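Chemist: Assemble the whole structure, with the sequences as input and the hints as a guide.
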Amino acid sequence: MSSDSKRKAPKAPTKPKIGVFKFASCDGCQLSLLDAEDELLGVVGAVEIAYFPEATRTMLKGPYDIGLVEGSVTTHHDAERIQEIRRKCKTLITIGACATAGGIQALRNWKDVDEFVRAVYASPQFISTLKLSTPIAEHVPVDFELRGCPINKYQLIELITATLVGRKPNIPTYSVCMECKRKAAVCIAVARGIPCLGPVTHAGCGALCPSYDRGCYGCYGPMETPNTASLTSQFRILGQSADQVSRAFRSFNAWAWQFRKASEECERA
Amino acid sequence: MTGRGGRTIKVDTLARVEGEGALYIKMAGNHVSDVKLRIYEPPRLFEAFLRGRHFSEAPDITARICGICPIAYQMSAIHAIERALGIQIAPEVRLLRRLFYCGEWIESHALHIYMLHAPDFLGYQDVIEMAKDHRPVVEKALRLKKIGNHIVQSLGGREIHPISAAVGGFHKVPAKSQLRELVSDLEWALEASLEAVRWTSTLEFPDFEQDYEFVALRHPTEYPFNEGRLVSNRGLDIDAAEYEDRFAEFHVKHSNALQSVVRGRGSYLVGPLARFNLNFDKLPEVAQKAALEVGLKPPVKNLFRSIVVRAVELVFACAEALRVIGEYEPPAAPRVEAPNRRGVGQAITEAPRGILYHRYAIDENGLIVSAKIVPPTSQNQKRIEDDLREYAAQLAAWSLEEATWKCEQAVRCYDPCISCATHFLKVVIERD
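Protein chains in written order, with the working numbering: chain A, 28 to 296; chain B, 557 to 988.
It is worth saying that the hints were derived from the structure and are not from the lab. Keep in mind it's a predicted model, so treat the numbers as computed, not measured. Hints are supplied without guarantee of correctness; some may be wrong.
Claimed, not checked - Beta-carbon label-pair distances, calculated as ranges:
no., chain 1, residue 1, chain 2, residue 2, range
1, A, G89, B, G791, 51 to 57 Å
2, B, R945, A, G266, 58 to 64 Å
3, B, S733, A, W284, 55 to 61 Å
4, B, R897, A, D139, 25 to 31 Å
5, A, G266, B, R897, 45 to 51 Å
6, B, R897, A, A296, 51 to 57 Å
7, A, W284, B, D919, 30 to 36 Å
8, A, L191, B, P692, 24 to 30 Å
9, A, K210, B, K809, 31 to 37 Å
By construction, the Cβ of each residue, glycine as well, lies at the ideal position given by its N, Cα and C atoms.
Modeler: Set out below in structure tokens:
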């Protein structure tokens, strides 16, 4: 008997396993994957959806090649769970403002969370929550942070594709201003005096708000090197109170350090 | 696995729902001794941090409660605030808001019917598995969903957390020509929705009817979105301002979501079944006819048929979108001024999953003093537990695995949105 005949037929290459994990969030960023209507069947043809409770009852144990994490850490249980998920994921990607910056629920970080719980719940003793809402990277090493509230679904597909083939994802880190310029849109801040966070905000939305006659409200978080001090003075020149500027920085990415620092400076002013 | 022995139906992570929850059912023989729908989605405390924000920020902030139905949050917030400020909106804006809601209903209902709920009826774990055998159905579903999303995008810039809705109107309104571009897709979507009614009506439905109190908005001339009185089949007929007098929220230990009851009565049901049963006469003829052709007429008391009712609402939403686009003329201004003013305002609108209540108190500087938000899933939560108490008792003859799946399916009939409710789904059936 030749050794050849003993050899098994080559196995079909196994598809990379993807897990989607949720922490405190609105579900919108993971929904982006289901919202990629034209690409969805292609994506699920190329990968194995091993864990994605929003979409399937099948829940396979890790390890996973790619873990997509949505949401921020706000409970003791979740602080432990992210450690376990990190151990199971070869590449860990955080998606959206909650996972990358703590989300809108990080507004508690400047307040008394116990008072917050009493304000919402009749029996606060049933509720267990941490004083801070924190991004995933404050707990475990993260391989890539995809910004946005919500994320851009095409950037998510680009990121998954790049990760699978092992190249750098093409996701620009410049500001929303660049997106306005590329659309040849007239600057609403300069031309019309509308307060706009575009100069300090990470690109990704395609400069939506300025094209809808309103100032950017910063849902993609700080760009790489934001000059928040300069923008604060500009907002003040446009007649915004320190309180209004502080609130502008303090929304969906309030706990991102650049925006955090800017809002705290406004409070002290 | 039948009859005498007790058992526990336990689902630790309920799948194909939005948000995180678990289900625990304890049984002795055919007797269900305990049902807990445990919502462990962590609390995000929106009502607390809305205090001190300007009213103009509330639509964008509350949209973030739910990535699946952000428009519902924007609409309830905006209407409540407009009421607090005493603002009257332009009729053209009112029409555009209806179109906006049509987009969200189409997108959300298509997602739920085909991608979250149909796999239960056909025995698949998910839509991906289902697509292997039913690819044309899934492709159609995706196109329907995309058309709903496209409406939202045309009005709001993007499908999740759109950016154009504002107190007083919109930041920017579309040109007539922009909306005309949607017509051919919507004509296709209307046909696909009629097919969805026929297709869902061929599924197998468990024989499970309950005596529900249905609660929905009712408007004198329209199937409800943003306006109307809140009515029920048991005589409720109130304005949004009376909501808190007639409904109570209470807090149970096993859940991070508050549960709601009609004061003095108990659990109630909101969503497609309630809307259909209370407003059948307001559906356009094409939707009424589609329902009657498959034998669906009010009152529908079988929860499992809500998948067909959702398809009928898809027909409505497509027909309504076409009507609005046909009538649309841009308003003179995209929005009316919203000056700071002290006031309190309440509003109820019909999210895809049912009524969504918002109340805001605003001070003279336009800052929010207090906010209250009651999402549809927390209103349905007690009703889901009541249904499972009855339904699980009928499942004694089934294996634990089958009974568990069936209970999950029952919960999914509600299209629960746990992200909203805490702001859910594990199932545990315990048989001792």
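Chemist: Evaluate each hint against the coordinates.
Modeler: Comparing the hints with the structure gives:
1. G89/A - G791/B: 51 to 57 Å: Holds, since G89/A and G791/B (Cβ atoms, about 54 Å apart) stay within the stated range.
2. R945/B - G266/A: 58 to 64 Å: The hinted range 58 to 64 Å holds for R945/B and G266/A, with Cβ atoms some 59 Å apart.
3. S733/B - W284/A: 55 to 61 Å: Given about 45 Å between the Cβ atoms, the range is violated.
4. R897/B - D139/A: 25 to 31 Å: 30 Å, holds
5. G266/A - R897/B: 45 to 51 Å: At roughly 20 Å between Cβ atoms, R897/B and G266/A fall outside 45 to 51 Å, so the hint is violated.
6. R897/B - A296/A: 51 to 57 Å: Roughly 28 Å apart at Cβ, these two residues miss the hinted range, so it is violated.
7. W284/A - D919/B: 30 to 36 Å: 32 Å, holds
8. L191/A - P692/B: 24 to 30 Å: Once the Cβ atoms are compared, 28 Å apart, the range 24 to 30 Å for P692/B and L191/A holds.
9. K210/A - K809/B: 31 to 37 Å: 53 Å, violated
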